[in-house]
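Build out the structure end to end from the sequences listed, making use of the hints.
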Amino acid sequence: MSKIAANKALRLRSFEQQLPPVLRPVIRAYLLGYLSSTTPRLLTLVLTHINRHRKNTDETLQDLTRSFISSLAQIIRGGLELQRFPTFCAALVGGSTFLEVSMESSHIARFTNLPRFLFENYS
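Numbering-wise (our numbering), the sequence shown opens with residue 7 and increments by one.
Check each hint, because a few of them may be wrong.
[Said to hold, decoys possible] Quick list of simulated restraints, FRET-style, between CB atoms: (1) L48 to P27: 26 to 36 Å; (2) R72 to Q23: 14 to 24 Å; (3) I56 to V28: 23 to 33 Å; (4) L67 to V28: 42 to 52 Å.
The hints are simulated quantities; they were obtained by calculation from the structure and are not laboratory data.
Keep in mind the model is a prediction, meaning the values are calculated, not measured.
Even glycine gets a Cβ: it sits at the ideal position worked out from N, Cα and C.
Next up, the structure:
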């Protein structure tokens with residue numbers, strides 16, 4: 007069992023290493039945002055489906071399955087839309103990451119020490 011888990015961890019690590027270092031936090035933020043927004047909805051859907059199946063309502067099993075699959079697809083696709091929470095998470099993390107990288111690689115980093123530079127001559 008641990009051999010399978012180690013193999014999955016190795017594949018995940020190799021996938022992460024293929025991404026550029028600047029994009030890694032953005033992808034992580036998007037995936038965490040996607041999981042945090044869709045997992046409660048998926049859990050509710052599964053529990054509702056199990057409850058309906060137990061009660062054996064007037065709906066046939068085929069209708070229950072059809073509605074379950076269509077709702078499942080809607081939840082999965084809904085989380086991938088651009089105006090949703092995962093995109094906000096990725097933009098928030100990505101903006102700060104790109105700003106940090108651009109400040110380190112440009113001449114703007116010189117101006118971050120501006121107040122200290124101005125007050126050194128007066129002390």
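Could one say that the CB atoms of R72 and Q23 fall in the range 14 to 24 Å?
For Q23 against R72, whose Cβ atoms are near 42 Å apart, the range 14 to 24 Å is violated.
For the range 26 to 36 Å, tell me whether the beta carbons of L48 and P27 fit it or not.
With a Cβ separation near 31 Å, L48 and P27 satisfy 26 to 36 Å, so the hint holds.
Could one say that the CB atoms of I56 and V28 fall in the range 23 to 33 Å?
violated, 43 Å
Take the C-beta atom of L67 and the C-beta atom of V28, compute their distance, and say whether it sits inside 42 to 52 Å.
holds, 49 Å
Violated hints, in rising order: 2 and 3; the structure is consistent with all others.
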